[in-house]
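Let's have the full structure, built from the sequences with the hints guiding it.
Protein sequences appear in the order of chains A and B. In terms of the working numbering, the first sequence opens at residue 1 and continues consecutively. In terms of the working numbering, the second sequence opens at residue 451 and continues consecutively.
Treat the hints with caution; some may be incorrect.
As the list claims (entries may be wrong) - In silico DSS-like pairs for lysine-lysine, Cα to Cα no more than 27 Å straight-line:
1. A:K382 <-> A:K289
2. A:K446 <-> B:K489
3. B:K508 <-> A:K356
4. B:K488 <-> A:K414
5. B:K477 <-> A:K437
6. A:K440 <-> B:K467
7. B:K489 <-> A:K132
8. A:K230 <-> B:K489
9. B:K467 <-> A:K437
10. B:K489 <-> A:K382
11. B:K467 <-> A:K213
These are computed hints drawn from the structure, not numbers from a lab.
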Amino acid sequence: MRWIYLYEDKTIRSKSAFVIEMNENKESFREWFRLDNAAIIFSLVSSSRIPALFRLSATLKEPINVNLLQTALNRTIVRFPYFRVNLRPGLFWYYLRKLKTFPRVEADSKYPCKELRVRKRGTFPLRVRAFKNRIAVEFHHSITDGTGGIIFLKTLVVEYLKLRGVEVSKIEGAFDISDEPNFEEYEDSYKKFYDKDLPSIKLPPKAFRLPYKLEKEGVYHVTTGIIPVKEFIKKAKEYNVTVTEFLVAIYLDSLQEIQFNLLKNKSKRKLKPIRVSIPINLRRIYPSKTMRNFSLFVTPGIDPRLGKFTFNEIVKEVYHFMRTELNDKYISQSIRQNVRAELNPILRIMPLFVKKLFGRLIYMSYGEKRYSGSLSNLGLVKLPSEIEEHIEDFQFLPGTNPTRKVSCGVVSFKDKMYINFGNVSDCKELEKTFFRKIVKMGIPVKVESN
Amino acid sequence: MPYCSRCGVEVDAGVEKCPLCDTPIQKLEGVSETRVTKKYPDEPIEENPVRKRTDKEKRMFALEIVSISLTLPFLITTFLDLIINKSITWARFPMLAFLFIWGTTAIPLLFPKKPVVLVLGEVSFVMGFLALVDYFDDWRLEWYVTYALPIVIVTILFSSLVVLASILVKKKGANIAAFILFGIGGLTFCLEIIISRTISWSLFVLTPTVVIGLFLLYLHYRFTKDIDIKEKLKEKLQI
Chain A
1 MRWIYLYEDK
11 TIRSKSAFVI
21 EMNENKESFR
31 EWFRLDNAAI
41 IFSLVSSSRI
51 PALFRLSATL
61 KEPINVNLLQ
71 TALNRTIVRF
81 PYFRVNLRPG
91 LFWYYLRKLK
101 TFPRVEADSK
111 YPCKELRVRK
121 RGTFPLRVRA
131 FKNRIAVEFH
141 HSITDGTGGI
151 IFLKTLVVEY
161 LKLRGVEVSK
171 IEGAFDISDE
181 PNFEEYEDSY
191 KKFYDKDLPS
201 IKLPPKAFRL
211 PYKLEKEGVY
221 HVTTGIIPVK
231 EFIKKAKEYN
241 VTVTEFLVAI
251 YLDSLQEIQF
261 NLLKNKSKRK
271 LKPIRVSIPI
281 NLRRIYPSKT
291 MRNFSLFVTP
301 GIDPRLGKFT
311 FNEIVKEVYH
321 FMRTELNDKY
331 ISQSIRQNVR
341 AELNPILRIM
351 PLFVKKLFGR
361 LIYMSYGEKR
371 YSGSLSNLGL
381 VKLPSEIEEH
391 IEDFQFLPGT
401 NPTRKVSCGV
411 VSFKDKMYIN
421 FGNVSDCKEL
431 EKTFFRKIVK
441 MGIPVKVESN
Chain B
451 MPYCSRCGVE
461 VDAGVEKCPL
471 CDTPIQKLEG
481 VSETRVTKKY
491 PDEPIEENPV
501 RKRTDKEKRM
511 FALEIVSISL
521 TLPFLITTFL
531 DLIINKSITW
541 ARFPMLAFLF
551 IWGTTAIPLL
561 FPKKPVVLVL
571 GEVSFVMGFL
581 ALVDYFDDWR
591 LEWYVTYALP
601 IVIVTILFSS
611 LVVLASILVK
621 KKGANIAAFI
631 LFGIGGLTFC
641 LEIIISRTIS
651 WSLFVLTPTV
661 VIGLFLLYLH
671 YRFTKDIDIK
681 EKLKEKLQI
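This is how it looks when you write it as structure tokens:
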């Protein structure tokens with residue numbers, strides 16, 4: 001029945017999109033499925049230095065009961081079969097194989113986002129951790145992005161609270177575990193919205209990077225800034241920009257200040273452009289229900305070689321850049337760029353170990369060296385009010401790597417915004433500059449760290 | 451709630467230092483000590499260590515694999531020859547080659563940290579192999595004495611000198627490249643003497659290697675500051 005429905009509904013789509021959808025549909029019944037476009041690069045580069053993990057956590061009002069959490073997790077993971085998998089090596093690519101086991105709830109660590117050995121047989125690409133009142137889930141990027149992750153965490157929290165005896169009538173924003181998993185959630189949306197006839201993009205030049213010394217492997221400094229959302233929005237409104245745009249402007253301004261301080265007595269020629277990568281949730285632009293990766297980056301930036309930018313100029317720059325780039329035409333072009341690389345016949349016939357060798361090199365030189373940092377805003381997390389009253393906060397720790405060193409993850413819940421910096425270097429200059437700038441604007445900031 | 455006097459940010463009660471700038475947070479007198487609410491555990495969790503084979507186990511395992519994978523072709527060639535020719539004829543060469551490969555791999559696996567045993571063992575294996583190949587050919591030694599033996603000795607001599615010099619110098623860098631160049635120059639010089647008993651073309655190799663080598667030494671001892679190559683490599687490769 002589903003097939004017939006599919007056929008009638010999708011007649012307007014192109015033939016190739018239809019074929020992919022048929023395959024996706026099959027994939028939901030199959031024991032294994034292919035990685036999506038973004039997952040491929042993470043499956044190749046993932047190592048102890050580049051854990052490719054991000055973490056989402058929810059703090060409840062009461063201490064976590066681990067047994068109940070395990071029960072809730074066992075129930076939840078069944079609703080997310082595309083997360084109940086194991087990364088396996090094939091001859092040419094890694095792929096995901098479904099598991100029959102359940103992930104275990106683990107204890108939390110001082111340093112989150114430490115390497116998860118995803119390639120080990122039977123290892124889940126996610127890690128559920130409990131500490132005091134907090135449930136944290138660390139996701140490997142080979143299975144999903146922040147949007148998929150937050151839905152999983154919300155579902156898990158709702159399930160846990162239900163077991164705790166909280167009455168829930170209607171669930172919004174999270175999945176109902178009694179529903180059947182939808183085959184559309186398996187979809188590789190990058191491939192679906194791939195248009196091979198678009199022209200290619202020129203790569204931007206290398207960007208300024210923080211020069212700090214790396215900490216030992218596994219050390220991950222967290223700095224959390226808690227800010228009242230209302231006051232922040234008020235301030236952003238003064239500049240007539242959105243919250244994300246305003247955050248990006250502050251981020252760029254901080255990076256600019258750091259770069260000028262580093263080069264006090266040296267010539268301007270040593271300066272490099274500053275560019276930060278901002279992940280965009282493509283589900284907002286394209287009609288997609290996928291629970292796997294479906295995000296791309298836009299990269300606003302400034303070029304301090306032209307002179308020191310004032311904050312107003314940076315805000316203007318970011319505003320116009322974001323409004324221009326967040327257009328489905330430009331995004332389609334980026335998708336085409338990424339998917340085309342995956343479909344390249346020469347690359348496809350290379351054995352996996354060759355791909356692994358080059359994957360890291362390409363990731364570093366083509367991807368990472370062109371960005372000075374990243375800021376990822378998941379936006380406001382919403383749940384029904386009877387559930388929200390049991391939850392203290394939601395937090396998002398971004399993944400980072402030795403080239404980028406510091407990344408920023410932002411999420412808002414109720415009346416507070418949680419800005420988390422994940423840092424693998426020994427210097428917190430960026431965090432310091434960033435939060436001091438916000439304090440100077442008259443917005444109170446509360447800072448925590450690990 | 452306490453504040454950091456430098457950053458202006460609010461911190462949790464009981465926190466001693468500002469998480470951003472490490473400035474000590476002033477304690478308000480008269481206010482009773484509140485218990486610190488830690489946001490993360492104090493200890494990092496180590497992943498369950500995967501049981502790893504010890505170095506010795508790994509070496510013995512490698513030896514086992516090498517031995518077995520060489521025994522198979524060894525036996526196959528031997529029996530083929532025996533079946534076809536009713537005696538060992540051409541098979542003596544592949545048999546010798548398999549023995550040679552086994553010996554040269556077994557020595558470093560058995561004596562990994564004994565450089566003298568290693569070098570002497572390998573050298574004797576190479577010499578024995580060459581002598582036997584020469585002897586098996588027509589049951590007497592010909593080119594072994596005139597060419598093979600001196601070439602092996604000269605090669606060993608120069609390579610050991612280069613390695614020894616590279617180990618002994620304190621500051622490593624361009625000087626190692628210079629030693630290698632000197633080695634190449636000296637080796638070609640000696641090779642020509644052994645092969646054609648004259649000195650002609652090898653001078654074209656010797657002169658530039660010596661000149662460039664000296665230039666590299668000059669560069670190294672005049673200009674390089676103390677750079678930790680290991681650290682530099684680590685930084686570049688990010689390992």
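Tested hints:
1. Note on K382 (chain A) and K289 (chain A): the hinted pairing holds, with a Cα-Cα distance of about 18 Å set against a maximum of 27 Å.
2. At most 27 Å may separate the alpha-carbon atoms for a hinted pair to count; K446 (chain A) and K489 (chain B) meet this at roughly 13 Å.
3. Proximity of K508 (chain B) to K356 (chain A) is assessed by CA-CA distance (about 25 Å); at most 27 Å being required, the pair is judged to hold.
4. Distance check on the hinted pair: K488 (chain B) and K414 (chain A) sit about 22 Å apart at the alpha-carbon level, within 27 Å; holds.
5. The straight-line distance between the Cα atoms of K477 (chain B) and K437 (chain A) is roughly 25 Å, inside the 27 Å bound, and the hint therefore holds.
6. In summary, the hint linking K440 (chain A) to K467 (chain B) is supported, as the alpha carbons are separated by about 20 Å, within the 27 Å threshold.
7. The hinted pair formed by K489 (chain B) and K132 (chain A) meets the criterion: a straight-line CA distance of about 9 Å does not exceed 27 Å.
8. Taking the CA atoms of K230 (chain A) and K489 (chain B), the gap is about 25 Å. The hint holds against a cut of 27 Å.
9. A threshold of 27 Å between alpha carbons decides the hint, and for K467 (chain B) with K437 (chain A) the separation of about 20 Å falls inside it, so the pair holds.
10. Proposed proximity of K489 (chain B) and K382 (chain A) is supported: the alpha carbons are some 23 Å apart, at most 27 Å.
11. Our distance criterion of 27 Å between C-alpha atoms is met by K467 (chain B) and K213 (chain A), whose separation comes to about 22 Å.
When each numbered hint is compared with the structure, no violation occurs for any of them.
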